[in-house]
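Q: Sequences and hints are given; from them, build the entire structure.
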Amino acid sequence: DAGVTQSPTHLIKTRGQQVTLRCSPKSGHDTVSWYQQALGQGPQFIFQYYEEEERQRGNFPDRFSGHQFPNYSSELNVNALLLGDSALYLCASSFNPQRRGGTDTQYFGPGTRLTVL
Amino acid sequence: GEDVEQSLFLSVREGDSSVINCTYTDSSSTYLYWYKQEPGAGLQLLTYIFSNMDMKQDQRLTVLLNKKDKHLSLRIADTQTGDSAIYFCAWDPGFSGGYNKLIFGAGTRLAVHP
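First to last, the sequence lines map onto chains P and H. So that you can map any letter, position 40 of the first sequence is 47 in the working numbering, and since no number is skipped, the others follow by simple counting. So that you can map any letter, position 24 of the second sequence is 65 in the working numbering, and since no number is skipped, the others follow by simple counting.
Treat the hints as calculated values from the structure; they're not laboratory data. Quick caveat, the model's predicted, so the values are computed rather than measured. Errors might be hidden in some of the hints.
As the list claims (entries may be wrong) - Derived CB-CB ranges, DEER-like: (1) P:D37 <-> H:M96: 28 to 38 Å; (2) P:G23 <-> H:N93: 44 to 54 Å; (3) H:F50 <-> P:L90: 20 to 30 Å; (4) P:G91 <-> H:P80: 38 to 48 Å; (5) P:G35 <-> H:H112: 44 to 54 Å; (6) P:T21 <-> H:S58: 41 to 51 Å; (7) H:S69 <-> P:A45: 21 to 31 Å; (8) P:E58 <-> H:R54: 47 to 57 Å; (9) P:P68 <-> H:D44: 15 to 25 Å.
Stated by the list, open to error - If you want the footprint, here are the derived chain H segments under chain P, 3+ residues with CB under 8 Å: (10) 58-65; (11) 82-89.
What the hints assert, rightly or not - Within a straight-line C-alpha distance of at most 27 Å, the following computed BS3-like cross-link-like pairs (lysine-lysine) qualify: (12) H:K77 <-> P:K33; (13) H:K97 <-> H:K77; (14) H:K111 <-> H:K77; (15) P:K33 <-> H:K97; (16) H:K108 <-> H:K97; (17) H:K109 <-> H:K97.
Positions of the beta carbon are idealized from the N, C-alpha and C atoms, including for glycine.
A: Right, dumping it as structure tokens:
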């Protein structure tokens with residue numbers, strides 16, 4: 008049973024560029040959440056996708072956008088990159104946020120390390 | 042507000058017990074989680090507890106919850122060098138709203154020495 012996968016593992020961009028990160032959820036999961044983890048800090052919630060729609064959003068600017076596909080995989084897009092966007096971007100998947108059963112526990116992928124120069 | 046506080050660093054001797062502490066701000070029913078992060082890696086779920094429980098034990102791990110004080114702790118028995126990592130406490134403020142997002146602390150770095 009494959010866990011959460013993310014690509015690429017590492018990425019280097021320059022200021023002003025745009026980047027797309029990809030995530031495939033754990034088998035059987037239908038919800039994808041994205042987190043940003045700056046160096047030395049805990050992860051911060053960016054947004055969550057369910058049924059191809061953004062359900063919940065953290066305190067991040069509109070430069071951060073996402074998409075969920077019919078197969079539940081997801082993309083995170085960041086436009087007009089800033090130096091401060093350098094971080095580890097983590098994707099987490101879970102099943103059924105509507106509390107019909109289970110714990111909705113989030114399982115994390117290995118992350119994409121983004122460096123903005 | 043939504044906040045989680047953790048002590049930043051803990052050093053223990055191999056074979057001793059480790060206790061990592063966390064405080065959170067919300068008092069509603071929710072799940073509380075412990076995740077482990079090794080260098081350069083993602084987050085590994087260790088265990089979780091629902092807020093109507095006081096304790097949960099899972100092999101070498103024991104989670105204690107004091108809901109009155111909003112204090113959560115993770116005890117690792119017989120700590121090994123492989124337990125050296127950063128441990129994050131997290132809770133879900135969206136639980137009552139039917140969706141979930143996690144609020145994390147800054148993490149506690151556990152160093153295990155011989």
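Q: Of the numbered hints stated previously, which ones are contradicted by the structure, given in increasing order?
A: 4, 5, 10
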